[in-house]
Amino acid sequence: MPGSLLGNAVRRVEDPELLFGSGRYVDDLPIEGALHLFFVRSPLPHARIDGVDVSRALQMPGVVAAYSGSDLGLNSMVSMLDRRIVRFPLALDKARYAGDPVAVVVATSVGQAMDGAEAVEVDYEPLPAVADPEAALAPGAPLVFDELGSNLAAGDQESGDPLEGADVVVRGRFVNQRVAVAPMEGNVVAVIPGAPGDEYRLTLYVASQMPHRVHEAACAQFGLAPAELRVVSPLVGGGFGGKTGLFAEAAVALAVALRLGRPVKWFESRSENLVGMDGRSQVQYVEMGFKTSGEIVGLRARLIGDAGAYGGFGGALAMGPTRNMAQGPYKIPKVRCDVAVALTHTSTTGAFRGAGRPEATALLERLMDMGADALDLDPAEIRRMNFLTKDQFPYTTVTGMLYDSGDYEASLDAALIAAGYDELRQQQAERRASGSRYQLGIGVSSYVEITAGGPNGEFGAVEIEPDGSATIRVGTAGTGQGHATSFSMIVADRLGIPLDRIRFVQSDTAEVPRGGGTVGSRSLQLGGAAVSGATDLVFERGRSLAAELLEADPEDVVVDENGRVGVSGVPARALSWSELAATAAQRGERLAAEVDFKPPGATFPFGSHVSVVEVDVETGKVVPLRHIAVDDAGRVLNPLLVAGQQHGGIAQGMAQALWEHLAFDEDANPVTGTFATYGIPSAAEVPSYEVSNTETPTPYNTLGAKGIGESGTIGAMPSVQNAVIDAVSHLGVRHIEMPTSPERVWRAIEAARAGHADDPWRRPPAIFESLPERVRRPPPPGGEETL
Amino acid sequence: MQITLTVNNASVDADLEDRTLLVYFLREQLGLTGTKVGCDTSSCGACTVLLDGQSVKSCTVLAAQADGADVTTIEGLAEGDQLHPVQEAFRENHGLQCGYCTPGMVMATVSLLEELEELSEANVRTGLEGNLCRCTGYHNIVKAVLAAGEATR
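Listed in order, the protein sequences are those of chains A and B.
Numbered continuously in this note's numbering, the first sequence closes out at residue 787.
Numbered continuously in this note's numbering, the second sequence closes out at residue 153.
Here are some of the chain B residues that sit facing chain A, going by a computed Cβ distance under 7 Å:
1. Gly-34
2. Cys-44
3. Arg-125
4. Thr-126
5. Leu-128
Hints listed in this document are in silico derivations from the structure and should not be mistaken for laboratory results.
Ideal Cβ positions, reconstructed from N, Cα and C, are used throughout, including at glycine.
Please put together the full structure from these sequences, using the hints given.
Written as structure tokens, this is what we have:
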């Protein structure tokens, strides 16, 4: 019945094909005669390439072609950080990380392509390499790009002393370790060249969150007119920020298909994915000043972003979202944030679930706990006394963000009640008093984050088909979040068309004219709002048509409980949507509408988490026992999907706090390049989660919705880390770096017991003294882009 | 080499390269692409199928080893349009998001529920240790498995 769907836990419409195993991801597409690519990759983190010889590979069975970078002559891709940082899809003169693709072999089967790649001879001259971003910024470090004269890709400093007037200052150097995006499906492409006379010169199937951006980048790379290329993302096996652009291997696949005139496929192995699709990595030197009352005086942050070899977006996050979110949910009168972005001989970093906001929350929430400790306040209380209050919105932060709406104290109260906080503290006291080997840790975090930043809005269209069904076309590009369900609910709710009569179309440039894609938790609030707007327009058109045909006042026309459009309270006087579509068609019209929705700005979801862990003080092993999350993403459209996003987000935050670390050895060789060595958790490691929501609508869209995709990660990571430290703080431990592995926890306990607990602070590196002054540019309309 | 086996209740004769892994035989020669590949170290379980009723990671089995065996993939689980109780429980409990780990997770669950002596959250979590998911945080997967266990006992 119209008006009754939104807000309900509706089961997903997209599930059946996924459960039957009949849905198609890129690698499942049957492509007749497709050749397979396999890449030859540098085994060295840094090397001069003195020669690439593919001649032996060409003699191997099944090998059709093999190319070095100079054979293909591809255009370079330019870093957003500095135009001098350029990447050729196949490295030419230098390999800059272990895994950098150097040549490609094309064969009739994957196995033959792999065998052929073994036969490619590359003459490498090893060069010194640096993986650690701080070491990379030190004088004399091996350079990633000689042209820059240093490994500083970007950076600037602000002025003033925000700690002036503080009674107490707490300080720490915190490492937000590098983590891997690791969607269950890695990168994958299939390219089909068109025959002469075909509509498209090339069709690119790619697992992507931003197929329209891939389309734009591919057209630019190959000088194609937009109409010559079709980009399609069929089912995508997770994205999480890792599938946003035209990656090097996709560019090579396009080039090979163009050159050979034959279809090609490439499927990234997990070992390739773990050294290619890297997420966030940041080192933080942070200080916070408090009055003895607990009131915050100011925050000083010096951040080092790790951009990897080719100046990746992941490094830039420190200058964008982390800096922007540095005030968090608190009243902080002064913030100074200086940022240096380093190049390293490691895979290029990108976005990953949270993208710069987990880092902002991590630094704040560690400092709040350190402040509570220094001032002998409860962690919940020091947060509460510093919160921005609900009567302060809209609120402009000292970092220039315009917070749309919020009620931070309500989410903390809800989380504390749900956790049974006082009782937990009582249990903790008992365990401490008893000297139990298994100590209880309780971690609290409160956060605010940015969603749907960026200057671009989103496209949405709704059309009534002749049979009375509806088609939705939208520019977002879901990768498992449930968009088909939530967007169809909007149409069904308004037009009375059943969910199973609604066709959902996304991620096909032939069907959807434009789109921003699915990044930065933007989809429902932008794409959903566009679909909602288009639905309203279709309803208005249907209503006026029905009013005309039924000779009624349009104001009296409604959708009835049978999904027919007619006069309110007079069931006999109603028309079906198919009758209305037929009438429109007779008049040469479509019963359809398109909307480009543009919000006034980004929205700012928020929440509070409480995490409970048990620490074995003899071995350092941490077991997460409970995780309570109260996340406020505005008005909830489908609580089933929202909870699913919270669960997945929490697991990611917990995993970074406890287990995951994409590590390199001293020579910059990756040491966690498989799922056998990278600490991705299974069901056996994590608990069930206790999730709920407060609902503070945003005024920026008609749905009242903010984003929920990343909140779980942003809230969970610091609360879990805080819980681990809290469990052993009575022993004198002040800080433990992530991931809080048994070894680190054990060492921290041992050091504290021996009376020399590590001071988490150390002198910031010299680079911060020489950064240029920050030039403040007005952010683009809608705020800065986040992923 | 030549093998003969049963896949999803149909008899199959096949000629294949000796080194062919079961997962690639299923996906590429039989077109049964429901079974996925998610890693190259037998860690993720996306390729889980039933071999003579027991779950195996089909990336760790040579197709040759399945000679004479009975293989069930995700495509062979439902009865026509009727989802298997495990599939139904995953749907009912929102136990899947991107769906990529789902076929393996479902097949592992079918086998696990046969093996489990006691249905409990702890046993389900331990029993699914070999199957990775990046979307759900496992919460609703565990809920779905427990529900399927209740429904089929």
